[in-house]
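J.: For the record, the sequence lines run as chains B and V.
Quick note on numbering: the first sequence equals residues 18 to 334 in the numbering used here.
Quick note on numbering: the second sequence equals residues 18 to 334 in the numbering used here.
One or more hints might be untrue.
When chains are identical, the list treats them as one kind, so a pair holds in a single copy or across two.
Simulated pairs of lysine to any residue, SDA-like, Cα-Cα distance not exceeding 20 Å [unchecked claim]:
| # | residue 1 | residue 2 |
| --- | --- | --- |
| 1 | Lys171 | Ser47 |
| 2 | Lys221 | Ala251 |
| 3 | Lys176 | Leu196 |
| 4 | Lys49 | Asp142 |
| 5 | Lys233 | Ala251 |
| 6 | Lys32 | Arg60 |
| 7 | Lys101 | Ile91 |
Since the hints were made in silico from the structure, they are not lab data.
Note that this is a predicted model, so its numbers are computed, not measured.
2 protein chains.
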Amino acid sequence: MQILVVLPVTELQKKQLENAAPGAAFLYRSPKDATAEEISQSRIIVGNVPADRIRASENLLLMQLNSAGTDAYIRPGVLHPSTKLANATGAYSKAVAEHLFAMGIALQKNLPLYRDMQQQHVWGDAGRVTSMADATVLVVGMGDIGTNFARLCKGVGAKTIGVRRRYADPVEGVDEVHLTEDLDALLPRADVIASFLPGTGATKGIFSRERFALMKPSAIFLNGGRGNAVDQDALADALQNGRLFAAGLDVTDPEPLPADHIFWTLPNLFLTPHISGGFHLPETLDRIVAIAARNIMHVVNGEPIENEVDFETGYRK
Amino acid sequence: MQILVVLPVTELQKKQLENAAPGAAFLYRSPKDATAEEISQSRIIVGNVPADRIRASENLLLMQLNSAGTDAYIRPGVLHPSTKLANATGAYSKAVAEHLFAMGIALQKNLPLYRDMQQQHVWGDAGRVTSMADATVLVVGMGDIGTNFARLCKGVGAKTIGVRRRYADPVEGVDEVHLTEDLDALLPRADVIASFLPGTGATKGIFSRERFALMKPSAIFLNGGRGNAVDQDALADALQNGRLFAAGLDVTDPEPLPADHIFWTLPNLFLTPHISGGFHLPETLDRIVAIAARNIMHVVNGEPIENEVDFETGYRK
Numbered sequence: 018m019q020i021l022v023v024l025p026v027t028e029l030q031k032k033q034l035e036n037a038a039p040g041a042a043f044l045y046r047s048p049k050d051a052t053a054e055e056i057s058q059s060r061i062i063v064g065n066v067p068a069d070r071i072r073a074s075e076n077l078l079l080m081q082l083n084s085a086g087t088d089a090y091i092r093p094g095v096l097h098p099s100t101k102l103a104n105a106t107g108a109y110s111k112a113v114a115e116h117l118f119a120m121g122i123a124l125q126k127n128l129p130l131y132r133d134m135q136q137q138h139v140w141g142d143a144g145r146v147t148s149m150a151d152a153t154v155l156v157v158g159m160g161d162i163g164t165n166f167a168r169l170c171k172g173v174g175a176k177t178i179g180v181r182r183r184y185a186d187p188v189e190g191v192d193e194v195h196l197t198e199d200l201d202a203l204l205p206r207a208d209v210i211a212s213f214l215p216g217t218g219a220t221k222g223i224f225s226r227e228r229f230a231l232m233k234p235s236a237i238f239l240n241g242g243r244g245n246a247v248d249q250d251a252l253a254d255a256l257q258n259g260r261l262f263a264a265g266l267d268v269t270d271p272e273p274l275p276a277d278h279i280f281w282t283l284p285n286l287f288l289t290p291h292i293s294g295g296f297h298l299p300e301t302l303d304r305i306v307a308i309a310a311r312n313i314m315h316v317v318n319g320e321p322i323e324n325e326v327d328f329e330t331g332y333r334k
Numbered sequence: 018m019q020i021l022v023v024l025p026v027t028e029l030q031k032k033q034l035e036n037a038a039p040g041a042a043f044l045y046r047s048p049k050d051a052t053a054e055e056i057s058q059s060r061i062i063v064g065n066v067p068a069d070r071i072r073a074s075e076n077l078l079l080m081q082l083n084s085a086g087t088d089a090y091i092r093p094g095v096l097h098p099s100t101k102l103a104n105a106t107g108a109y110s111k112a113v114a115e116h117l118f119a120m121g122i123a124l125q126k127n128l129p130l131y132r133d134m135q136q137q138h139v140w141g142d143a144g145r146v147t148s149m150a151d152a153t154v155l156v157v158g159m160g161d162i163g164t165n166f167a168r169l170c171k172g173v174g175a176k177t178i179g180v181r182r183r184y185a186d187p188v189e190g191v192d193e194v195h196l197t198e199d200l201d202a203l204l205p206r207a208d209v210i211a212s213f214l215p216g217t218g219a220t221k222g223i224f225s226r227e228r229f230a231l232m233k234p235s236a237i238f239l240n241g242g243r244g245n246a247v248d249q250d251a252l253a254d255a256l257q258n259g260r261l262f263a264a265g266l267d268v269t270d271p272e273p274l275p276a277d278h279i280f281w282t283l284p285n286l287f288l289t290p291h292i293s294g295g296f297h298l299p300e301t302l303d304r305i306v307a308i309a310a311r312n313i314m315h316v317v318n319g320e321p322i323e324n325e326v327d328f329e330t331g332y333r334k
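Bound conformation, chain B alone (with noise of 0.2 Å):
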């Protein structure tokens, strides 16, 4: 049996995988190297290879992906219908949830434009201040990122919200969970609006011009899901004409965003080019390698997996 891995993974984590399947031919290569051939002829392949080399091979039997996101993987004709896909769920959630949680307080604390003030050199005033301690903020998609995200806030002192697609029970360090349908209501009250929704046809636009419009104009609007659940104009509007007071945005659609495009030039749009997942922070590669080695181990054993995605939704099933 072969067993792809596109990962930059050390000694230590190959080790890991390959105690997984004792006896498999492990080839490790950059997404990039990885051939058409040795993509064809795996059995099991670690990491995001390019969506258009899979070819629906029905000799592939677990596609396991290193991110959470899993739009590319869920079009008909990547993946064949035999085929199942894992994504990584749970291992950016430390990751991206403090990278949100930091660009949300630096905005609150103007730092941005104290930043571009430095760069002029200027010791100046950028006015007035807002605290997390006193904020309520709304969390739209409770993953584990999102739950991560609403327990750091909390952690310092905020009211957290929190807004699920279904099921809202209690969650942990959670004061609040509601469902989708009642997002336009719970709008108006948020201080600070946080979305880690996944790129699916349902989420596509969802922070439309008329929920902005909903939002305080002292609100900020964090994205750390996907580019697309945003009216990326209506909200350039919105930071423009003062109808909202910052934004924080780690995804954009499309990305990379085009150099002329207006996101760039905003003061009060804090821009990061989608690096708040990705293996910046060392222990993210730990947890997917450790997913990964489970799920090895699964297919290997006939067993369930874990992370399973679930070709209609591009949820966990």
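Start from chain B and add chain V according to the hints.
T.: Chain V only, in chain B's frame:
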């Protein structure tokens, strides 16, 4: 009895002060507009009038500062020995602690570098990040601000160590408390070092070249106290030579920082222009007015005041 107030108080805040001394004549001025005569004829001054215009009048019963720092007012010849001096310790603790916490988290996530990239329209990658949840945070100066800062860090998972001048008693929300004499042994353990030391003779230059050399090369240094606690040349050298990961400063020596100072230009130094306190967080002025009103009442009633400053140390007695 004439009471001079040089704070930007609201009508409600005026009422609060005036209720503390019925019958007194309240003058409201800006610090710049208060005349020498108005200053010399006041029995109580609320707010930081320029120290060089007070001239040690015996007439002055109480000088109620709106700052936590007292340096300019404890110098010989500024206040008469019979004048009581009170600072606004406590009023700024939330604002300053949150600002420095935001700077620290922003530096852990390379946010200043991403803001620089945004200015250049660059979709880039600033590399590895660290996490407050994995950090050991050393807080030097455990007054209200330092204690608040430590609790914010602990709220998102950090291990916190506090250093005090005296009484290394346990502090709620702080994992370990040590005395200043242990500083050199503690510096090598810290991932984040935050100074909230006031400007006194004893704290000048305490962050010396030797002490920066004791810090981890991966450490982040923060200063929310006074700029002269730091050997600024040594800090610049450490940042340029990779012996310190990053620094976040809200205070410098002198202030404003001269436009040609190297601090403006170091990419891994994040500078804000002593704005963490001030009245940027509206709650701060509320707190100052509350302290002032209580102290006016104490003076009127001949009672001991709160937040009284010791002229020898510059600290609250």
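J.: Which hints from the list above does the structure break, by number from lowest to highest?
T.: 1
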